[in-house]
Amino acid sequence: MEGRPLEDAELVERAREGDVAAYEALVERHREVVFRASYLITRDAAEAEDAAQEGFVKAYRALDRFRPGAPFRPWVVRIATNEARNRVRSERRHADLAVRAVVARPSGETAPSPEAAALLGDERRTLISALNRLPEEDRAVIAHRYLLDLSEAETADALGLRRGTVKSRLSRAMGRLRAALEEGEEP
Amino acid sequence: MSRHPAIDLERSLRALADEVFPEAPPLAPAVAERLRAGQVMPGARGERRRRRWSRRRLVVLAAAAILLLLAATAVATRLGIGAIGVRIDPSPTASGSAAPETGAAFGRRIDLAEAREAVRFRIGLPDDLPLPDRVWLEDDPFGDRVAMAWRADRSAGLPGIPWTPWGLVLLETDATGEVGVKELVPSGLGGTAEIRSVSIGGAEGLWIDEPHDLVIRIPGGERRLRVTGAVLLWHADGVTYRLETSLALEDALSLARSMPRGGTSRAPAV
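Chains as they are written, first to last, in this note's numbering: chain A, 1 to 187; chain C, 1001 to 1270.
Worth flagging that the hints you see were computed from the coordinates, not collected in a lab. This one's a predicted model, so the numbers in the text were calculated from it and none came from an experiment. Among the hints, erroneous ones may be present.
Said to hold, decoys possible - Only some residues are given here: those of chain A computed to face chain C with a beta carbon under 10 Å:
#, residue
1, Arg29
2, Phe72
3, Glu123
4, Glu137
5, Arg178
What the hints assert, rightly or not - Derived coverage of chain A by chain C (criterion: at least 3 residues anywhere in the stretch with Cβ under 8 Å from a Cβ of chain C; other residues may be distant):
#, region
6, 5-11
7, 33-39
8, 145-153
As the list claims (entries may be wrong) - Listed below are several chain A residues computed to face chain C (Cβ distance under 7 Å; list not exhaustive):
#, residue
9, Asp19
10, Val20
11, Glu28
12, Ala46
13, Phe56
14, Leu127
Think of the CB as a built atom: it goes at the ideal place given N, C-alpha and C, for glycine as much as any other residue.
Could you build all of it, start to finish, from the sequences and the hints given here?
Printed below as a string of structure tokens:
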């Protein structure tokens, strides 16, 4: 039967009542951002997959604590990143957000966007290096806002911060990133 | 002039996303299969609690055996009480800041009445103490976390915790995930790793009388703190308690035992 796609809130409501198919639809809708958020912490695709999967299962079990009407996406991102952090920490690795380029991409994958293609190799490396020199708090807010493409409000929910704090922290972090890039340009 | 004006930088960062992430795997079938196989209902807390209780029992039983070996061990060991893990590690990472920065690590400042409204468990307070001088609240996806501190006052029986203004710091959380990990160095490697298994009103606990690092989860990351007081950890009826003090073990136990079990606070909202 054709129909409009259900909103997250409707799917959450159905999932709360035990409708696994509704929850499956939510997972499908948000799997990419949740996996990416986990990957920023684990830096390993297999571990990120495990953390993301566990995050979704934990979120399902915690649905009774989910505030009706709240956005689902940042909530599940937060749960999955906590899971990723716990996994990394249990292996005594440094549990912070770090960015690195994917060296080998699976064959058959779609070509990068024109914007990505326009990024020169050197510029990309400089940007990643500058990003990784930032304090973790700065990196986290930039990664959530731009790499995961969350809105400011979603970034605030995912990081457990106030929206105003995200705004000011993001502005400060971007300033530092710009300074780090300029430093990197000096001969 | 910078070659990275704001708009270009934002665009570059967004474009970078295509470069830094591998392709996301199809998670939905695996998640659905697990949910169907486990017949888990949303909010199945009973199941979680039973599992955690069982895990906690195992951890404490293991701890009883392991504690005897800590003095000589050179192998990383992991214990835990409720939402706080304990790691005895022969090769710890860099030490945290010397002074526990409790405010920044424990969430936003709040008053006790607000905290009582905000958390889902009932906040327990030691009977013999006045109300705390400071209260912080941290929201967590897996539970609520409240921290309270009393100023050092030797005449009131609260000697100061070294390098802090506090005589007692009490953290309570009903989190189901791990919110913090204590890292200790075993004896023979610069530490003593003295941990004792204790009982608080029938609940198992740990007493750690050695400076150590506490790695605590905060929004967007985690923070490493140097803990200079002794710490009593215990878990009762779904709530994990962490009490930091300069008191001797018997006095700390006496304070802990004066608190109602499982977050069922004696006090009405202030």
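Evaluated hints:
{"no.": "1", "hint": "Arg29", "result": "9 Å, holds"}
{"no.": "2", "hint": "Phe72", "result": "12 Å, violated"}
{"no.": "3", "hint": "Glu123", "result": "7 Å, holds"}
{"no.": "4", "hint": "Glu137", "result": "6 Å, holds"}
{"no.": "5", "hint": "Arg178", "result": "6 Å, holds"}
{"no.": "6", "hint": "5-11", "result": "violated (count 0)"}
{"no.": "7", "hint": "33-39", "result": "holds (count 4)"}
{"no.": "8", "hint": "145-153", "result": "holds (count 4)"}
{"no.": "9", "hint": "Asp19", "result": "9 Å, violated"}
{"no.": "10", "hint": "Val20", "result": "5 Å, holds"}
{"no.": "11", "hint": "Glu28", "result": "4 Å, holds"}
{"no.": "12", "hint": "Ala46", "result": "9 Å, violated"}
{"no.": "13", "hint": "Phe56", "result": "5 Å, holds"}
{"no.": "14", "hint": "Leu127", "result": "6 Å, holds"}
Taken one by one, the earlier hints fail for this structure at numbers 2, 6, 9, 12, listed in ascending order.
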